[in-house]
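Protein sequences appear in the order of chains X and D.
When we follow our numbering, the leftmost residue of the first sequence carries the number 23, and every step to the right adds one.
When we follow our numbering, the leftmost residue of the second sequence carries the number 254, and every step to the right adds one.
It is worth saying that the hints were derived from the structure and are not from the lab.
A virtual CB, placed ideally from N, CA and C, is assigned to each residue, including glycine.
Any given hint could be a false lead.
Said to hold, decoys possible - Pairs of lysine-lysine residues, derived as BS3-like cross-links and limited to a Cα-Cα distance of at most 25 Å, are as follows:
id	chain 1	residue 1	chain 2	residue 2
1	X	K383	D	K325
2	X	K93	X	K68
3	D	K382	X	K31
As the list claims (entries may be wrong) - Reference excerpt, derived from the structure (chain D facing chain X, CB under 10 Å, subset only):
id	residue
4	L347
5	F356
6	A384
7	N385
8	F413
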Amino acid sequence: MKRFIGFIKKEYYHIVRDKRTLFILFGMPIVQVMLFGFAITNEINKVEIAILDHSKDVTTIELSNKIASSKYFEIKEFVANEESIEAAFKKGRIKAVLIFEKDFSKKMMTEKKATVQVISDATDPNTANTISSYIGSILLLYQQEINKDVLISYQIVPTTRLVYNPELKSVFMFVPGVMTVILMLVSAMMTSISITREKELGTMEVLLVSPLKPFQVVLGKVVPYIFLSVINAVIIILLSIFVFKMPVQGSFFLLGIESILFIVNALSLGILISTISASQQTAMMLSLMGLMLPVILLSGFIFPLSSMPVILQLISNIIPAKWFIIIIKGIMLKGVGLGYIWKETLILVAMTLFFIVVSIKKYKIRLE
Amino acid sequence: MKIENVIAVKDLTKRFGAFTAVDHISFEVGKGEIFGFLGANGAGKTTAMKMLIGISKPTSGEATVAGFDVRKHTEEVKKSIGYMSQGFSLYNDLTIQDNITFFGGIYGLKKTAIQEKSKLLIQDLGLEKMANKLLGALPLGWKQKVAFSVALLHNPKIIFLDEPTGGVDPITRRQFWEMIYREAHKGITVFVTTHYMDEAEYCDRVSIMVEGKIAALDTPKNLKEHYQVDSMNQVFLKLARNIE
Chain X
23 MKRFIGFIKK EYYHIVRDKR TLFILFGMPI VQVMLFGFAI TNEINKVEIA
73 ILDHSKDVTT IELSNKIASS KYFEIKEFVA NEESIEAAFK KGRIKAVLIF
123 EKDFSKKMMT EKKATVQVIS DATDPNTANT ISSYIGSILL LYQQEINKDV
173 LISYQIVPTT RLVYNPELKS VFMFVPGVMT VILMLVSAMM TSISITREKE
223 LGTMEVLLVS PLKPFQVVLG KVVPYIFLSV INAVIIILLS IFVFKMPVQG
273 SFFLLGIESI LFIVNALSLG ILISTISASQ QTAMMLSLMG LMLPVILLSG
323 FIFPLSSMPV ILQLISNIIP AKWFIIIIKG IMLKGVGLGY IWKETLILVA
373 MTLFFIVVSI KKYKIRLE
Chain D
254 MKIENVIAVK DLTKRFGAFT AVDHISFEVG KGEIFGFLGA NGAGKTTAMK
304 MLIGISKPTS GEATVAGFDV RKHTEEVKKS IGYMSQGFSL YNDLTIQDNI
354 TFFGGIYGLK KTAIQEKSKL LIQDLGLEKM ANKLLGALPL GWKQKVAFSV
404 ALLHNPKIIF LDEPTGGVDP ITRRQFWEMI YREAHKGITV FVTTHYMDEA
454 EYCDRVSIMV EGKIAALDTP KNLKEHYQVD SMNQVFLKLA RNIE
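Here chain X stands alone, though its shape is the one from the complex (with noise of 0.2 Å):
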């Protein structure tokens, strides 16, 4: 147990001496936290769009208006023709462009029926889906509204609430994702680039001529950064309570739990990295390409994995990370109990003891 203890001092001088290691533990979880919550939303924000009023009469103008005033868009300018929208767009600030019809007040009075026209700017199409829905949703409360006094008959009228998450925060949806990307990041990464970092310095040698296990030195190793990786489940939960406002219903012993559970789970696919990588390069690389881009693209964390190919699917169900974001958005925003997520806590459980088993197995070919 001493020499265990002092093993552990030994990697606590490493990385406290090592400047750009710290940066990569602290700062980057901060950094990226504030730029997923700030920065990368899917919610549309004052986005800038024209109007061509071909009638400008008390109607279009009202309805201008009311478009105006909500926080969601801005207008730019108002185009006098059908050439100049063409211009408007290419200029890149425009996003879209409402026309309204000639006479769009009498039509109303007269045919019961006067048409807009709007025009988005699909190079990004989330963005032109959002902005036309958003323009669709204030014209049909005019549309409410005028029509108040008349009885239309057969209406159906859908009232939708949204549960868990009613404002439609993306925050809400990033945190969790960025929890899990960090987490692996800096325990596979991490752990494999130091356990190779020895290999490369030779130490590694002089460690297993000691009489320390094999074993022994690799969990000499892992130890510290499972408490590094605990500070940060802990600061990103902070920043996402303070700074986002992001509510966690559930129990915080469980999230903690859980966390370790995903550390630990992410510690031992670094230490399988480690051993089928002889520098830390090869390890970086691995651990980048193997694990980064799966974890944010294959895990549900930004797209949606209902919407992949059946294939993509199967395959996430292979990726630690897709579990453990069910089970933190579980937690965080249902509220639920280990009774709704014992499956996916067991599928995670399961994965760590087939990383350590295999990696054990592999330790013990490199020494032969």
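For chain X, the structure is supplied; the task is to place chain D on it using the hints.
Just chain D now, kept in the frame of chain X:
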């Protein structure tokens, strides 16, 4: 002169697939002896040494180190030996004192023993002012001296040095060998690989490996007489050519 054999090797062989890195080597090393293990790069020196220190399993043959079988009692072997790896075997980002504390610790030395030993060690090397500086700040030759002393912390019976003086200047190399002599005098057996032929002259006995086999084994003096040359360098060249 030989009293007891601390290393005894018989028909030790290591194969990697079809390639035989070490081919039925046999030799003995006596207590307090400085045993030079020579050979060109790739002749099998390091592989043979790795089998003796217990990090590589022999394909066949037998070897005992400090009286323990390297196959069956690897842990006992590890406790009785010190090892300095090729290149450099301490941590540059730890201070000299940290390195000593760490290695003392993994060999199970008590805290007080570590304190005493490190004080002595630092005094012997004249590094009092540097003790709390990062090891990386020292020149390579000095680092090697520290590494050698650290490898001796737990009073091993045998010390294995794998090309300890690679890349070190001649003066420091000389000083390094003086340290080796001092330890051998105290009864520690030194097993050293090198490809500097002038260093071979400092050894009590040398074995020269060529293509996995021991091509010659004797005192430097006898070897030179036998091949009728006046330096170990020439002995080595003659042997290498004969094989070709």
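Hint check results:
As the CA atoms of K383/X and K325/D are separated by approximately 20 Å, the hinted pair is consistent with the 25 Å bound. Using a Cα cut-off of 25 Å, the hinted pair K93/X and K68/X holds, with the two alpha carbons roughly 6 Å apart. Taking the CA atoms of K382/D and K31/X, the gap is about 23 Å. The hint holds against a cut of 25 Å. For L347/D, the suggested interface contact is upheld, since its CB lies about 5 Å from the closest CB of chain X, less than 10 Å.
Evaluation of the F356/D hint against chain X yields a held restraint, the C-beta minimum of about 8 Å falling below 10 Å. For the restraint placing A384/D at the interface with chain X, the shortest Cβ-Cβ distance is roughly 15 Å, beyond the 10 Å limit, so the hint is violated. Using the Cβ-Cβ criterion of 10 Å, the hint placing N385/D at the interface with chain X is not satisfied: the shortest such distance is roughly 12 Å. Given the 10 Å rule on beta carbons, the hint for F413/D holds: about 8 Å separates it from the nearest Cβ of chain X.
Comparing the model with each numbered hint stated earlier shows that hints 6, 7 do not hold.
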